[in-house]
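2 protein chains.
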Amino acid sequence: MNDDKNKSMAPSGEAVPKAVVSRLSLYLRELQRLIRDGQETTSSSQLGQMLGFSDAQVRKDLAYFGHFGHPGIGYRCDELVQAVRRILGTDRDWPVAIVGTGNLGTALLGYKGFGHQGFRIVAAFDVDAGKVGGSIVGVPIYDIERLPEVVDQQRIKLGIIAVPGPAAQGVADKLVAAGVEGIVNFAPVTLVLPTSVSQIGVDLAIELEQLSFAVVSRGESG
Amino acid sequence: MNDDKNKSMAPSGEAVPKAVVSRLSLYLRELQRLIRDGQETTSSSQLGQMLGFSDAQVRKDLAYFGHFGHPGIGYRCDELVQAVRRILGTDRDWPVAIVGTGNLGTALLGYKGFGHQGFRIVAAFDVDAGKVGGSIVGVPIYDIERLPEVVDQQRIKLGIIAVPGPAAQGVADKLVAAGVEGIVNFAPVTLVLPTSVSQIGVDLAIELEQLSFAVVSRGESG
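Residue numbers (numbering that gives the first Met the number 0), protein chains in the order written: chain P, 0 to 221; chain B, 0 to 221.
The reader is advised that the hints may include incorrect statements.
It does not matter which identical chain is meant; a pair holds if it fits inside one copy or across any two.
[What the hints assert, rightly or not] In silico DSBU-like cross-links for lysine-lysine, where the CA-CA straight-line distance does not exceed 30 Å: (1) K130 - K156; (2) K130 - K173; (3) K59 - K17; (4) K173 - K156.
The set of hints was computed from the structure by calculation and includes no laboratory data. Keep in mind it's a predicted model, so treat the numbers as computed, not measured.
Please construct the entire structure, taking both the sequences and the accompanying hints into account.
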């Protein structure tokens, strides 16, 4: 993610660095894993250790949003999961629209991780008349021209753009005009959006760059 | 990215926080954009402004790796691009293998952003006999059993896992045994790897969570 230039606010009114919000997602994953493993409580040092952060880092990150520990117990896993989901906004229902049902769009429609975190893709859009009227994993594919109507009916606030680069800005404009408040953009272009709309740009080459850095710097330091 | 627990080292021997390395990728994108727009020099304040960081942050991040500015000029864009690519390790040729040619693997094979940053996917692997022997965007699809041989012949050091969750660990083990040093994992599972192998786990739901946080906190503060 790299495009949302505005820091967001904690309940205290304090600005929350984006890195803190990223770490909340990681804490959430580890907590969900602990619960699956049958563990009821955890500590900042255990959470930190699982992720390679210090316990002080974990406490400081959570302190932006309140006090979540219990003396002599630490964190109750299920309680902290609920709290983090409330902070991230994933305790509510987020119907999501996806535009583009090529290979990437189809892969995203089949991606189980979204549903696990409360995101429900309810509508897909395409320009290909051969696809419109069909469905992928149960999600109906609509003609892009029906986007305003479907977004309104289904109260869709988040959109995913999975179209080729040259088509992305036009799709973004349609999503914004329809009332979508946040966009995840997989197309390799920078979108121009009103400041009232949040965007996350996914640049998959960044993951490979971070990996090559890890491999190279390991080689040089080892 | 969320799984590589080890901080990497700067040439000075100082540990480089992962967030700094992530920002290097963002600086690189902006510099490449400036060059495409015909701009020859830039400054830490311009770079920072384009990304929503302070100029002090930009200078501090780059200072981990050396001195790149010129008095009275600022940064020469092409010089800084070369420097950042050298730091990230993307100034060299990285032949990459991808395992899994379903929708996600096919989408990744067609993703132009990799090539722009110096990553060349040279081999794809699958278990599906109907796909083996074919190719996608010119990349040959091999039987997974030929992975050790092809990785060795093509000097592949980086692998991308795009198989279903239950198959991911087995694929990772094969990549490691073949000598791959870094893995980007798109499967929604945590891989157990030797500490000598770097990994980046891509959890696409995190992007949506960061977006929902941005939308929710904007709504509450606005």
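Quiz item: When the hints from earlier in the document are held up against this structure, which numbers fail?
Solution: none
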